[in-house]
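With these hints in hand, go ahead and build the complete structure from the sequences.
One letter stands for each residue in the lines below.
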Amino acid sequence: MNAAIQKPATREPAARMSAPLVSLDGVGKRFANTVTALEGLDMQVRQGEFLSLLGPSGCGKSTALRLIAGLSEPSAGTIEWNGEQAARRSIGFVFQEPTLMPWASVFGNVHLPLKLAGVGRRQAEPAIAEALEMVGLSSFRDAYPRELSGGMKMRVSIARALVTRPRLLLMDEPFAALDEITRFKLNNDLLEVWRRLGCTIVFVTHSVFESVFLSTRILVFRARPGRVSAELSIDPDQPRDEAYRTSPEYVGLCRETSLALARAMDAQ
Amino acid sequence: MNAAIQKPATREPAARMSAPLVSLDGVGKRFANTVTALEGLDMQVRQGEFLSLLGPSGCGKSTALRLIAGLSEPSAGTIEWNGEQAARRSIGFVFQEPTLMPWASVFGNVHLPLKLAGVGRRQAEPAIAEALEMVGLSSFRDAYPRELSGGMKMRVSIARALVTRPRLLLMDEPFAALDEITRFKLNNDLLEVWRRLGCTIVFVTHSVFESVFLSTRILVFRARPGRVSAELSIDPDQPRDEAYRTSPEYVGLCRETSLALARAMDAQ
Amino acid sequence: METSPLRWLLPVAVMAALVIGWEAIVDLNDLPPYILPSPAQVVETLIADHAVLLQSMLVTLRTTALALTFAVAGGVALALIFASARIVEFSLFPIAVILQVTPVIAIAPLMLIYLSTDTAVLVCAWIVAFFPVLANTTLGLNSVDPNLRDLFRLAGASRWQTLVQLRLPTALPYFLGGLRIAGGLALIGAVVGEIAAGSAGQGSGLAFRIVESAYRLNIPRMFAALLLISLAGILIYAVLSLISWLALRRWHESALANG
Amino acid sequence: METSPLRWLLPVAVMAALVIGWEAIVDLNDLPPYILPSPAQVVETLIADHAVLLQSMLVTLRTTALALTFAVAGGVALALIFASARIVEFSLFPIAVILQVTPVIAIAPLMLIYLSTDTAVLVCAWIVAFFPVLANTTLGLNSVDPNLRDLFRLAGASRWQTLVQLRLPTALPYFLGGLRIAGGLALIGAVVGEIAAGSAGQGSGLAFRIVESAYRLNIPRMFAALLLISLAGILIYAVLSLISWLALRRWHESALANG
Amino acid sequence: APAARAADKVTFGTNWVAQAEHGGFYQAVVDGTYAKYGLDVTIVPGGPQANNRLLLPVGKIDFYMGANMLQAFSSVAEEIPTEVVAAMFQKDPQVLIAHPDVKTFEDLKTRTLFISKEGLASYYQWLVADYGFSESQVKPYTFNAAPFLADENSAMQGYITSEPLAVEKQGGFKPKLFLLADEGFDTYSTTIETRTELVKENPDLVQRFVDASIIGWYNYLYGDNTKANELIKKDNPEMTDEMIAFSIAKMKEYGIVDSGDTRTMGIGAMTDAKMKSFFDKMVAAKVVDGGIDYKKSYTLQFVNKGVGKDLAK
Ligand SMILES: Nc1ncnc2c1ncn2[C@@H]1O[C@H](COP(=O)(O)OP(=O)(O)OP(=O)(O)O)[C@@H](O)[C@H]1O
Ligand SMILES: Nc1ncnc2c1ncn2[C@@H]1O[C@H](COP(=O)(O)OP(=O)(O)OP(=O)(O)O)[C@@H](O)[C@H]1O
Ligand SMILES: [Mg+2]
Ligand SMILES: [Mg+2]
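Chains as they are written, first to last, in the numbering used here: chain A, 3 to 270; chain B, 3 to 270; chain C, 831 to 1089; chain D, 831 to 1089; chain E, 2 to 314.
Quick caveat, the hints were computed from the structure, so don't treat them as lab data.
Glycine residues also receive a C-beta, built at the ideal position from the N, C-alpha and C atoms.
Mixed in with the good hints, there may be bad ones.
[What the hints assert, rightly or not] Sample of chain B residues facing chain C (criterion: CB under 10 Å; computed from the structure): (1) R68; (2) S74; (3) R91; (4) F97; (5) T101; (6) M103; (7) P104; (8) L114; (9) L118; (10) A119; (11) R148.
So this is what it looks like as structure tokens:
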């Protein structure tokens, strides 16, 4: 079946109005081993939105995130920054793997981005404590990464990304290793942060439910070569609370998203 | 609230009847840094069952799995093998992290356990091809781990665990990094393997839905110190198909499990 | 960058600058050749005496190659023995250290009593070169990813299998690092061995040429011999680096393009 | 195992076995002291001549310590310069290799023209010892986890910050491995330097004692001096291993208990 | 003649650690002969490596003790502006030391010989050319006699004044000694070399150093040498009275310092005839290039004056 971009006509979300922050135009990425991760990828990240990327394993979501962050160069197409230029300099990144420094304690790892920005230990203390509190690791501040469970490592990584209050937050399956309750709590915390700071978030996830609960827009990717196969928008003003989770609207959106994902996978 | 073990009286699953394979009695695990991961853990793994472990991040699920596998020694209590002794020697383990050899190709990584058992490349070829086929990585057999996406690495790790057709399969959040469709497919494939081989599976997951869909029994852990806080059994003869996923029974079990999990977390 | 001509041009330019600087020092201070010969004089001597110098170089290179081979074999073998258990490492490492720090100059006469001259030279060179291979390989063998180690344990891998299929590949980058150190050491080991125990005269190595030239105050020729040693050293290093790169380029960070 | 007395007993037992074997060889072959003295004779000489030998040892140890310090400083500094870009590494490594393979015995007389004896000895020892530090540290600096590197890039880390906070810690285990190799090399470097450039007489180091004793055929005393060098080597290695362990025990596989 | 002006500071570098073979110079230091000649002499002992040699042309030392004339010829070949101004030893003390069963010098051709690299580059080439020795019978001598003692079928090089004692004491036998000088290796030894420039510009200083050194040697051999020996032992704590006594006895027995020409011309004597004889032998042996102007390697300007001859006993 064809993978034409779906635009549900029923919605006109406010997020669509906001200015684009980054535009990817016809972006392709080939690796040295000739694997084509992305081809002809057109997508925009808009100022202040909560954008989720959804798609099958290996479709290029992480690659797209790295391109946006400027960590790798596209082999075709262009990536343009049109919005708030400060965002480009203030990026928080949660990698798919925890990526902690084995020689530093939890505190040291979370301190890192602040330290690099010239904020000393003493000064950074409250921000670090707050970030650790949020991910529930206050009592582990002196532990070393190898003494942590998988989920705890990932939470340290999340705390590290949040501690600088970045303008653009790129998160690669941050909650995949977490139990549902912790996950729900962090979902709420993340929304709270997003609202409070007014930052932009690009969020890779495998959970349809999570993406619908969190985002103002969802891009569904298809694989080989990776590109956008469907787009869904959700009213940003919709309150995201427990009531929303059980609302028929939510269930409907989840079904719609699941279908889009299934179609993207069939297209392979 | 108290964390007394819950035994739903309404069910009398066949799995309950089967002989215990491994029994953990009053098992405790303290690490050198004085963190107590487990304390007074009593649990059994029964011959041929599909047992899920559910619990908050850092509650000791991975630690319990390592104890069962004999990869670490309990600091208190005993672990006894009473069932099929062959299972003890034929364990497949999917670690929480992919744990691939960076110097070997995908093929080489999946070949490893067979090679260690003395099965040559030629002879192992069909089994490896089948395992790679199952996880959808046939076309990546010559790629190196650093060329794979996060989900692909995890799938290699799963293929490696399945390729020997082990008697006991210990899986630590194997599907956490996978999209829902791949995950559903692998859920079904895993059930198929389980049924065909008649092996025993201990499965750590964060997804209540997944645990209810797959298992014949669920143990809910609580944290600090880690121990079993609730137990749920599910009729093993129940067909696990798409119909089951939407059955009221399934939904009920999911709710029950979620509640047990919530209680376990409150208990902290 | 691999394909950039800079990769080859710049090192050559640096070398050229070095030679020009050397020439300048000689010219500006008006140094006589017996203190520091100019590069031109050295090259002249090299060309004039190339027959005897190249022959000596071949002798030295042969010793170096043999010593390096034995250093690798011995260093890795010892590392494997040490790897069998920490306690073995603790017990035997002092002996390896003793070997490393024993000045070959001092024990060469003793060796000459029981060994042929060639063997004694080889043993000297070996003693100088084996330690970095041993030390680095031991370090590498002990740096195994604990999860992979567990995986091997579960799969019922024998000690031998764990060694060959897990610990050795892990140790490879460390070993290759040690090898690059040992390459140069084998070369000076060969030179020192020749000085300490080597046969002299017609069929002898560069060390004898150096001593002989120094004795005759033929300093340009001494420098020509030193130049050959330097070139041999760079060549050995380049070859060993290439081997490293070929062995690691598929998977180890140190060999990846954007390292 | 850390606390097990075996950890200390076994190495001592191995040493004892070695000494007994040595004694047996001397006894069985009825070797005269000028070929191979028995351990008893060596210890006797050590006690009898302890004043002069210990004084020489102090001289040599001082040189060793200084040379090792400079080797670490120089090796790390060079590694940092190399680390600034691969192209710098390519350009300058040949020079480091040249330094490594230049036989100090050959150039010591030249150095003596411009340097004081003590400085010349020190330079010799430095030349011998710096390369392993340089090579291993360079390898370590290039073995950074690519994800962590990206993280630093994103955080807008300066080159300097990346170096100090990412690449240096990554390089630490490699550096410490190089340091353990360099420790022994600094010691033989000091000895070779003394032989090559050292002054004789009152205040001179162990090398002079060795040469002098050998010349006088006072082989027991030569072995006593060699024994002191071996002990010093083991001591240096033990101290450097302890430093390694202290630095890495919290996080690196090679230093973890069940390694 | 003693002068009122301050003594000239000069440095004299030997080529080995302090020993009786340097006795005359030490004697002149301790008994005030140098001072009497207006010189303030510092002796810089050498070591196993001949480091002092290059310090002469660059001006770090003023006089250097050369081992033999071959080195002086090399200096001419390499255009190093130094020359020999006196020769304290008429004979090179270089000796081949053999086990007692060796009867004649020719017998050594069938033995393993422990020869140093420097020896191989110099006198050994002459042995090859004149006596038919071969390089293949050589093993390196590293100033350690153990390999020789361990191998009955070997011989080794040495200085007549030192190694034989160690061999006697450790090996327990009296070795056969073949002094190369007596077999035809007629080079001068323990020469005094200095820079040509010094000869040209300050011949008086050179003359004073040569004369005082000659007198020092007479006094060391024939007078009271206790103080000189004390100083030697201070510079080289390993030195023993037994060694020193042995060395002096051998120097006298073999006429190392005072024999032949010195009877008439005094210690330090050199002649053109002997220089030519040695040079021709070395050219024939292909040790040195016949094309060099060997006469530039020495000057007779300062010797053969019979200085101190009256001190001989
Ligand atoms: N460094 C690399 N070298 C070569 N190929 C690569 C590299 N990184 C990624 N790829 C390939 O690019 C494709 C996309 O990878 P990417 O990591 O972006 O997938 P993803 O969508 O994040 O998948 P997942 O959900 O499994 O993490 C994959 O096929 C992968 O094999
Ligand atoms: N090697 C170790 N040293 C010290 N403490 C450890 C070690 N491994 C685990 N722990 C601690 O033990 C506890 C349980 O860890 P475990 O990995 O079993 O948790 P988990 O249930 O698997 O969590 P997750 O779902 O996050 O993977 C944690 O508090 C962790 O900090
Ligand atoms: Mg990814
Ligand atoms: Mg876990």
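Hint by hint, here is what the structure shows:
1. The criterion of a C-beta within 10 Å of any C-beta in chain C is met by B/R68, whose closest approach is roughly 8 Å, and the hint holds.
2. Interface restraint check: B/S74 against chain C, minimum CB-CB distance 9 Å, threshold 10 Å, status holds.
3. Because the closest C-beta pair between B/R91 and chain C is about 7 Å apart, less than 10 Å, the hint holds.
4. Taking 10 Å as the C-beta contact cut-off toward chain C, the hint placing B/F97 at the interface holds, the least distance being around 6 Å.
5. The interface hint given for B/T101 holds, since its Cβ lies 4 Å from the closest Cβ of chain C, which is under the 10 Å cut-off.
6. Because the closest C-beta pair between B/M103 and chain C is about 6 Å apart, less than 10 Å, the hint holds.
7. Taking 10 Å as the C-beta cut-off, the interface hint given for B/P104 holds, the closest approach to chain C being about 4 Å.
8. Using the Cβ-Cβ criterion of 10 Å, the hint placing B/L114 at the interface with chain C is satisfied: the shortest such distance is roughly 7 Å.
9. Because the smallest distance between the Cβ of B/L118 and any Cβ of chain C comes to about 5 Å, under 10 Å, the interface hint for this residue holds.
10. Contact between B/A119 and chain C, as hinted, is supported at the beta carbon level, the nearest pair being about 7 Å apart and thus within 10 Å.
11. Checking B/R148 against chain C by beta carbon gives a least distance of about 7 Å; that is within 10 Å, so the hint holds.
In this structure, every one of the numbered hints holds.
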